[in-house]
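K.L.:
Required output: the full structure, derived from the provided sequences and hints.
So the chains spell out like this:
Number of protein chains: 2
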Amino acid sequence: MSEPGTSHLSREQQVLERIERARRHRPRVREKNITLAHGAGGKATQTLVEALFLEHFRNPALEALGDGAVLAVDGGRLAFTTDSFVVSPLFFPGGDIGDLAVNGTVNDLAMCGARPLYLSAGFILEEGFAVDDLRRIVASMAAAAERAGVAVVTGDTKVVERGKADGCYVTTAGVGVLDRDVALGASAVRPGDAVLVSGPIGEHGVTIMVARGELEIEAELASDTAALHGAVAALLDAVPGGVRMLRDATRGGVATVLNEVARAAGAAIVMREPALPVRPVVNGACELLGIDPLYVACEGRFVAVVDGDRADTALDALRAHPLGAGAALVGRVEDEPAGLVLLETSIGGTRIVDMLVGDPLPRIC
Amino acid sequence: MSEPGTSHLSREQQVLERIERARRHRPRVREKNITLAHGAGGKATQTLVEALFLEHFRNPALEALGDGAVLAVDGGRLAFTTDSFVVSPLFFPGGDIGDLAVNGTVNDLAMCGARPLYLSAGFILEEGFAVDDLRRIVASMAAAAERAGVAVVTGDTKVVERGKADGCYVTTAGVGVLDRDVALGASAVRPGDAVLVSGPIGEHGVTIMVARGELEIEAELASDTAALHGAVAALLDAVPGGVRMLRDATRGGVATVLNEVARAAGAAIVMREPALPVRPVVNGACELLGIDPLYVACEGRFVAVVDGDRADTALDALRAHPLGAGAALVGRVEDEPAGLVLLETSIGGTRIVDMLVGDPLPRIC
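Which chain is which? The protein sequence lines are V and Z, in order. Residues 1 to 365 in my numbering are what the first sequence lists, from first letter to last. Residues 1 to 365 in my numbering are what the second sequence lists, from first letter to last.
Any given hint might turn out to be false.
Identical copies carry no separate label here, and so any pair may be met within one copy or between two of them.
Taking lysine-lysine pairs in the DSS-like style, the calculated list, with each CA pair at most 25 Å apart, reads [said to hold, decoys possible]:
(1) K43 - K32
(2) K32 - K164
(3) K164 - K43
Because the hints were derived from the structure by calculation, they are not lab data. Everything numeric in this text was worked out from a predicted model, so none of it was measured.
P.N.:
And the structure:
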């Protein structure tokens, strides 16, 4: 297991040089073979996306690298997104692969500022998978879709031989419409903006680790999986034009989201550790696992960068929503050091919060 | 390997009774565990879809059971579809999993009468998969997308541990717009209509079998994988209002498509065996495999049911298109026996062409 890359501010210049070097060179996948890190959402995933997918599929919608693509269709604006789910175990406290997939896709649409409408579902099943388990997953998807007000309108099922999958993989795609005149994205972020998170972080990831029996603890833990479009709508309506970008903090956690934002915005993000909402049980489990909750996946929390002058209004609006009750203002956007995420620690120091390297928590979603 | 279910006309009454029984009962998955047949596109897939997916996701768009869903969005009409691809081997004469996925999704949109616009791509990769192979697949997807005039605008990558997948699975979803005032579907089919296929059948499936080395033959075979929206547009423009339904003949082949149509339309489909376009090499390979080319997957052919009075015009339009050069009028729709597909054989008999039972060709797409 690799440790999330953190280092002291003294290494800042070094890091900046590395970033500069990376900008001059075209990204390249150095490994000959895919590793779990390529699916972790951190540095290796980013390189894979830039060196392979962007390189070949190059188009403006994809290059925006949002949670989904925003597209002009028939005079309106659509959001379109997809995610594959390979979470293990398939069933865990607070959810299963089914509602995780529905909520995940609904959330990717919500993060584009879209009203989620329709989902597709592609199933890859392993020969021998229990039909009752599939039924449970499908029922859970249907319930999640109903709660979120979306319909699963099209799908596909493939079966592979025993040993060629792990029970059930689900790939959902989603379509939504942008009713509001929003232009969300890291490029809209500017110094002076405030960084909010919508609730306590890391609960999904830690729940999965505990469900796998990798931690010998008994904890009152449940995944935070939830559909966030209602909370997002409340936020967007509270500060019209004041929301810069939204991103749900899934694989790679809040740290990964903020690194992507800092890099794309060419700005610094300075977080205050005491302000970070982390439940004690999550903190404790993370200590046992030797990982930083900042890198642990949430499936029902998002990061919002908002106009600094309207941060209080934004925060109040979030907190008034059931899924934003634990929202917090965790940091601010500054000019320098551009491209970096800093954490002012509880003991008074400052450290760089780097991109995730390796994959401490494989198959978390 | 199970034989495609075919039987003599004398069993017709028996079959009709079975259908009637099935109508009275709610479909139910009898197996406790998923089998390869559940992914074959035939009877078991249909039961799974009806008993699980329709039962839980119930909505009009899904219940239409087309290749994709047609949706009213923002005053326009969108088509939305998804397919997972698990073909083995990943690379085969005439294509690979990449262009297969792009063409497959483009075709599902085309079969809805839509102009394909945007695709998503979800990758499930096995740890250890060669990055060069992934690059080749992505390049092939990009080339296929460019040929089809669509853009891959959003995606996702997951990695599972060694032994938990088979190199690479791809799930594509697609969005298109319906420019034309068409209402395609099996329910529009009526007695007197003509049944066309757009070209020689079975080439994709047989190519895959040969590529697996399961047949000790050397044959000049290549997958027919191709994007069909151009050929479809030519057809729709040639006989405005005259096209009843379109379906690409993938898993389960032409026989499965026609059975679904006959059942949904409550009509009979009578095919003439001598009219069926099958290349001799495909016929030969099918004989060696002990399967009927009518059940073998195509990835670049479609079935069109058109107004019988305009069948010649439709056929001419198809034949004028490079991907419809081998199109043929293969049968007609009749009143009775409702719900059945009959084949008038070359030797003068008539047999029932039943739904596919079992899966003679697993992981063909």
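K.L.:
Which hints from the list above does the structure break, by number from lowest to highest?
P.N.:
Of the numbered hints, all hold.
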